[in-house]
Amino acid sequence: MKIKIHFLVFILSATFVSMFSIVEAQDVAKPQVSFNHRKGVDYASEGKFKDAEDWFKKNLEINKGDFTSLSSLVVIKDLKEGKINEEYAMVFFRGINLLQDGSTEEGIIELEKARKLNPAYVRVYSVLGASYASLGQKQNAVNYFKKALEIDPKYIEASFNLAVLYQATGQSDEALNYYKRVMDIDPNSIDANINSAAIFASLGRYKEAIAYYQNAIKLDRLNPDIYYNLALVYFISEDLIKFKDNLISAQKLYQDRHDEKGLQKVSEYMGKIKDLENRFRKGAK
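Residue 154 in our numbering is what sits at position 152 of the sequence shown, and the numbering runs on without skipping anything.
If you're looking for bench data, these hints aren't it; they were derived computationally from the structure.
All figures in this text were calculated on a predicted structure; none of them were measured in a lab.
Worth double-checking, as some hints may not be accurate.
Quick list of simulated restraints, FRET-style, between CB atoms [said to hold, decoys possible]:
| # | residue 1 | residue 2 | range |
| --- | --- | --- | --- |
| 1 | D241 | G84 | 42 to 48 Å |
| 2 | D103 | S239 | 45 to 51 Å |
| 3 | G138 | D277 | 39 to 45 Å |
| 4 | I187 | R40 | 29 to 35 Å |
| 5 | E89 | K244 | 55 to 61 Å |
| 6 | D56 | I187 | 30 to 36 Å |
Beta carbons are placed, not taken as given, at the ideal position from N, Cα and C, and that holds for glycine.
Using the sequences and the hints given, assemble the complete structure.
Now the structure itself:
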């Protein structure tokens with residue numbers, strides 16, 4: 003299962019959000035080879051913040067939703083507002099550069115330098131937490147995410163990241179608590195709804211799983227994966243009609259996207275519809 007978190011993306015057994023997309027995130031447009039956020043990060047790490055800002059804005063015109071560009075613009079805005087200084091920003095972006103090059107330990111060293119320059123700047127803690135999580139250092143990751151929440155209890159990225167980390171390590175109650183915290187701040191968080199639904203389904207709590215998937219569909223009616231996962235919950239709970247309806251909805255949306263992998267997943271279950279129908283008919287007799 004792939005789980006998304008915001009603000010620097012890593013793959014553990016889940017995908018973390020930190021602040022900058024280092025690994026491709028779900029539902030994010032792939033940057034074009036000829037133009038992406040990397041040059042902007044280079045500019046920022048060299049202290050060329052105006053050039054960096056312009057680059058990130060241009061990248062967003064091509065790659066709408068690019069996490070790195072969006073998050074980098076937030077940091078540059080914080081710089082303009084005096085929340086951090088230029089030295090901090092340069093060290094911070096040098097750390098991001100190293101992380102994106104795959105040099106995680108070296109990147110952490112730079113980010114730790116930034117943290118010591120300004121311990122009150124909340125954004126670095128989520129980046130560090132995701133970085134440590136990518137190295138399998140769970141306790142360090144938890145400590146940094148929780149430190150971010152000490153500084154700002156409504157810092158949604160830290161709550162989401164903690165939820166993902168707990169979900170990835172099988173701590174369902176803790177994960178659900180932090181997903182609830184996310185949804186208390188942002189009721190329209192699609193990912194928090196989807197991930198909560200997945201946890202409830204894994205626990206056999208199908209009624210709750212269905213409710214969260216249905217809420218996710220209200221927020222994103224064109225996402226075939228949600229219909230597909232909801233169909234599977236109905237399949238497990240032997241609700242044939244709703245299983246079939248949601249599977250057909252998923253199939254149509256996968257077709258619209260020309261998603262061959264999605265269509266293949268659906269086809270594997272389409273054959274089971276007849277089997278279920280025959281079983282129910284025999285049971286009715």
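Quick rundown of the hints versus the structure:
In this structure, D241 and G84 break the distance hint of 42 to 48 Å, their C-beta atoms being roughly 57 Å apart. For the pair D103 and S239, the beta carbons lie near 47 Å from each other, so the given range of 45 to 51 Å is met. Checking the proposed 39 to 45 Å range against G138 and D277 shows it holds: the Cβ atoms sit about 42 Å from each other. At roughly 31 Å, the beta carbons of I187 and R40 sit within the given window of 29 to 35 Å.
Taking 55 to 61 Å as the suggested C-beta distance range, the pair E89 and K244 conforms, at roughly 58 Å. Taking the beta carbon of each, D56 and I187 are about 31 Å apart, inside 30 to 36 Å as hinted.
In this structure, only the earlier hint numbered 1 is contradicted, and the remaining ones agree with it.
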